[in-house]
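Go by the hints and put chain F with the ligand onto chain W.
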Amino acid sequence: MSVDYRHPLRLGLLLTPGDDGPQAAVERARLGEELGYDLVSFRPGASELDPWTLLSWTAARTTRIHLAAHPGGPGINPALVARAAASLDLLADGRAELILSAEPGLDEAIDIVRGIWTAHLRSPLSFAGEHHRLAGAERGPAPAHNLPILLTGTPDPALLRLAGTKADGWLRPPADGGSATDSWAGAEGQAGANAAIDQAAVAAGRDPREIHRLTHITGRFTTAADNADSSLTGTPERWISALLPLILDQGVSTLILTTDDPATIRRFATDVAPALRAARGEIPRSEQVPSLYVRRHRRDGIAYDAVPESLAGSAIEPGDAGFGRVRSTYLRGGSPGLVLRPGTPGEVAEAVRFARTQPVKLSVRSGGHGISGRSTNNGGIVIDLSRLHAIEILDKATRRVRVEPGARWRDVAAALSPHGWALSSGDYGGVGVGGLATSGGIGWLVREHGLTVDHLRAVDLVLADGTRVRADEEENAELFWGVRGAGANFGIVTSFEFEADEVGEVGFGQFVMDASDTAGFLERWGAVMEAAPRDLTSFLIIGRPRLGQPTVAQVMAVVDSRDAETIIARLQPLASVAPVLDYSIQVLPYEAIMNAPQAPHDGQGEPVTRSALAGHLTPELAGDVGRLIAGGLSYFFAIRSVGGAVADVPSDATAYAGRSANFQLVAFGANRRALDSAWDAMLPHFSGLYLNFETDLRPERLHDAYPEAHLGRLRALKRRYDPDNVFRDNFNITPEPDQARSQSSR
Amino acid sequence: MPDYGHELMFGSFITPANASPKEVVSLVRESEAAGLDLATFQDHPYQSAYLDTWTLMSYAAARTERIRLSGNVINLPLRPPAVLARAAASLDLLSGGRFELGLGSGAFWDAIEAMGGRRLTPGQAVEALSEAIDVIRGVWDVADRSLFRVDGTYYQVDGAKRGPAPAHDIGIWLGAYKPKMLRLTGAKADGWLPSLPYMKSLDEIAQANEIIDAAAVEAGREPAAVRRLLNLGGSFGPRSDRLLSGPPEQWAEQLAALTLEYGLSGYIVMGDDAATIRTFGEEVAPLVRDLVATERATRGGGIAGAGR
Ligand SMILES: Cc1cc2nc3c(=O)[nH]c(=O)nc-3n(C[C@H](O)[C@H](O)[C@H](O)COP(=O)(O)OP(=O)(O)OC[C@H]3O[C@@H](n4cnc5c(N)ncnc54)[C@H](O)[C@@H]3O)c2cc1C
Chain W
1 MSVDYRHPLR
11 LGLLLTPGDD
21 GPQAAVERAR
31 LGEELGYDLV
41 SFRPGASELD
51 PWTLLSWTAA
61 RTTRIHLAAH
71 PGGPGINPAL
81 VARAAASLDL
91 LADGRAELIL
101 SAEPGLDEAI
111 DIVRGIWTAH
121 LRSPLSFAGE
131 HHRLAGAERG
141 PAPAHNLPIL
151 LTGTPDPALL
161 RLAGTKADGW
171 LRPPADGGSA
181 TDSWAGAEGQ
191 AGANAAIDQA
201 AVAAGRDPRE
211 IHRLTHITGR
221 FTTAADNADS
231 SLTGTPERWI
241 SALLPLILDQ
251 GVSTLILTTD
261 DPATIRRFAT
271 DVAPALRAAR
281 GEIPRSEQVP
291 SLYVRRHRRD
301 GIAYDAVPES
311 LAGSAIEPGD
321 AGFGRVRSTY
331 LRGGSPGLVL
341 RPGTPGEVAE
351 AVRFARTQPV
361 KLSVRSGGHG
371 ISGRSTNNGG
381 IVIDLSRLHA
391 IEILDKATRR
401 VRVEPGARWR
411 DVAAALSPHG
421 WALSSGDYGG
431 VGVGGLATSG
441 GIGWLVREHG
451 LTVDHLRAVD
461 LVLADGTRVR
471 ADEEENAELF
481 WGVRGAGANF
491 GIVTSFEFEA
501 DEVGEVGFGQ
511 FVMDASDTAG
521 FLERWGAVME
531 AAPRDLTSFL
541 IIGRPRLGQP
551 TVAQVMAVVD
561 SRDAETIIAR
571 LQPLASVAPV
581 LDYSIQVLPY
591 EAIMNAPQAP
601 HDGQGEPVTR
611 SALAGHLTPE
621 LAGDVGRLIA
631 GGLSYFFAIR
641 SVGGAVADVP
651 SDATAYAGRS
661 ANFQLVAFGA
671 NRRALDSAWD
681 AMLPHFSGLY
691 LNFETDLRPE
701 RLHDAYPEAH
711 LGRLRALKRR
721 YDPDNVFRDN
731 FNITPEPDQA
741 RSQSSR
Chain F
1 MPDYGHELMF
11 GSFITPANAS
21 PKEVVSLVRE
31 SEAAGLDLAT
41 FQDHPYQSAY
51 LDTWTLMSYA
61 AARTERIRLS
71 GNVINLPLRP
81 PAVLARAAAS
91 LDLLSGGRFE
101 LGLGSGAFWD
111 AIEAMGGRRL
121 TPGQAVEALS
131 EAIDVIRGVW
141 DVADRSLFRV
151 DGTYYQVDGA
161 KRGPAPAHDI
171 GIWLGAYKPK
181 MLRLTGAKAD
191 GWLPSLPYMK
201 SLDEIAQANE
211 IIDAAAVEAG
221 REPAAVRRLL
231 NLGGSFGPRS
241 DRLLSGPPEQ
251 WAEQLAALTL
261 EYGLSGYIVM
271 GDDAATIRTF
281 GEEVAPLVRD
291 LVATERATRG
301 GGIAGAGR
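Protein chains in written order, with full-length UniProt numbering: chain W, 1 to 746; chain F, 1 to 308.
Isolated chain W, as found in the complex (with noise of 0.2 angstroms):
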């Protein structure tokens, strides 16, 4: 009777550093990449060369091959060790495994390293065992991928319970120790470990299709069969004809190769492994069971079989260990169902047309700054762009650069740098290209150059059907008219095209200021910033009075132009509008203001903030934002100066309205209902809004963000691109007019 465990076959090496060096293993590991082998591990115990740093050092010149762990027992200490592997598997982009020998107390290493790597439970982990007790220790980090255990040892009914009950796979030793090139295992009681395995997995709930089945093997090729039966010396057909029943009847699906002879690693790669392969074919993601912990934590409404091949194997599930870094943003905690990671537009294509039919909510992310948040969703599914993220000069006379929507803003800036460029986008650096540039993009150089949106010259999308259309000026133009502004309706952006500026050294300025008086500072500094050159972009903060302390504002700006006097003489002006306490100014390359920490998203509950644009910070204005901070309303209140070449595009040029304001306001606060009740009493003073500080769900924000012919072409944009309304996470312009009005009175 023969078994198949549906996994896909995969062929590794077992390596021994031998008198010839650390390096001389480091570099059959290499050849063993290059020669398409799936997996290396370097043997424990057998010299005194240490196996895991070994390891660690051919995951740095490796790209491909995954990385058998095993670390030497006896007496590990398993919470080291699963961060060690964890560690491993984040330097090497999810390719390690972990490798643990049969010995006393295995059951409970295993107990330790999972429950170290399951980083998202808050709680310290304890363990009293017979063999190793923590006490209180810290979990995590969550190893980059379901990181794989692999019990060794020879097949006693207790290790195959272990490996049932608890592990990833069964890794079968060679006969003898593997001291002899002949001591093959063969075949032989296979079907009896195997089905002492399934059982113990059946019994523990889970699928016997979960636990994969691996062996060490090892020969010798010679010319002729001069072979006694259970051993692997002869010619490659022989070896074929011994290994195809393990793999086709006995559910084996991964052969280690234990050999150090670079001869045999090239034989059994050129000669043997493609008839394996062949033989064994491709086995569809869709038939690879999911372990029981992963199909535990899926949730309703999303067929996750149906997932499509090309997106299945990065694609993260609640129960998978990277779901903890990919399930918030930075402002929003989430807890998504499926998030979906293209890594080409044609994936992005295949992802949209998955998760239309899907009967949960849709989001789009590409860098997860999004204010509002709605990148991430509950149960639902998110289209991460995180992996689309090419910078690629385009024309370096025309300064033409296409960037893909999952780079970040500091990594535009480090790539233009070189070239004596910049692109405005906004403040921070870790910002995503794909939320910004399809909705506007104030930043410090907004006065001089214009919003990102003013520098797109053309987008790649792919629609609501899936359909991949580009837009610019000629082509599909009203579409292109409706990226500059208001994107996220349309479809997703998978490339932009922009045309960069010629920007060098710039002055820089922070300033600690003294803004007791907080409404005359207000009008003060705003009155500066209407009078001041373009070359001159401001931005403030000021946060929650503390109790008994002056109110402090933090006042940023950036000066186009690293000489020394043009940039003093466009901050004194500033400086003076209020005492200033602390201040530092330095000429720094555009790229360095950028710089910006990399980190995943671990953003906790929901955004609060109002925003809105404004031509003038009037008294009125001013005096109302003052008692909104005094009033501890707001604990992060910016404003960010705007005007200049904004204001010289006509408002009907993009989709992005609110080409007079002068100022962009925005108020984080702590409690929806007193924010809003604050700020919907102060829309008489406003212009207008953009929409990516918003996080005001009411569909009078769109009133607000567009005017009504603005809106009027938007939804015949979204009648004719997106009539199903699929894309509507963020600030939804619906195809037909929703009953709301605008409360503000513009």
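Just so you know, these hints were derived from the structure itself, not from any lab.
Selected chain F positions facing chain W (in silico; Cβ < 7 angstroms):
1. Asn18
2. Glu23
3. Pro45
4. Leu51
5. Thr55
6. Ser58
7. Arg63
8. Arg86
9. Ala87
10. Leu91
11. Leu93
12. Gly116
13. Gly163
The C-beta atom is built at its ideal place from N, Cα and C for all residues, glycine as well.
Below, chain F with the ligand without anything else, positioned relative to chain W:
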């Protein structure tokens, strides 16, 4: 005495954050590109926000060519010395002699115990470190054909095979502050690696030097056998009268003084910032080398190049 005459060494101190492994590795490469001699990493195996320092160092060493790497400092209580010695030698062999072993006796005992480690008193921890150094040197000493046995209070080795021998004489540098640790440093270590933020004043460096020197002499060693390094932080900006708060020239003058008057010869800049690393490697380091070389030349005498 001070100025033990060591060749100067400049390094970085990189947080092994697991939130962004790529960035950590890229800071190592930045350090190399900036001409630094050394990239170092703290080791807190009980800290879930960090990458395993050993795995990281092995990986980063494979991504660089010239720069040396060291723990700063390796947590001995959670890393058994015999395994550590083999791993260190393996990494030294792989990297062509680019590994140094910064070592600490352990400080956060609750966390060490939480990870299944053994709790020791600070005094015991120093004794354990002393034993561990013997174990480590014993593993490396392949010239010794005798069976390798250690029957210590804290560590036992029972007739294990020695080896591998590292590619170069790996320096064992101790993070030490208290007299007992300082005496151990003088007696057995190749380097002393404290952190400036933990020191009350520069006088503490002078006092520690005296203890180390005395212990070295007592153990029959030259005081210059122990290199003195320092982890330090600071900021680049306009001139000030504070230590390491000013332009690169001011840093250089101050560090040169630390070499000539306090005997320090290794400076490791803290802060995970590529710009700081660049300024430190490209501007500060060459200036300090010049200042020190000039002064040493005028002082004359045969101190150049003592120790390693
Ligand atoms: C710290 C911080 C500072 C900021 N500073 C500025 C600033 O100075 N100036 C400024 O203008 N803005 C600023 N913003 C706001 C920023 O522009 C928006 O948050 C923007 O949406 C973030 O883009 P993202 O790709 O990172 O966001 P995501 O959260 O990934 O996306 C936000 C939304 O954009 C849409 N979207 C994303 N990708 C695509 C795509 N490829 N195609 C179509 N639609 C897409 C989706 O609807 C999604 O919900 C800042 C935000 C933060 C958090």
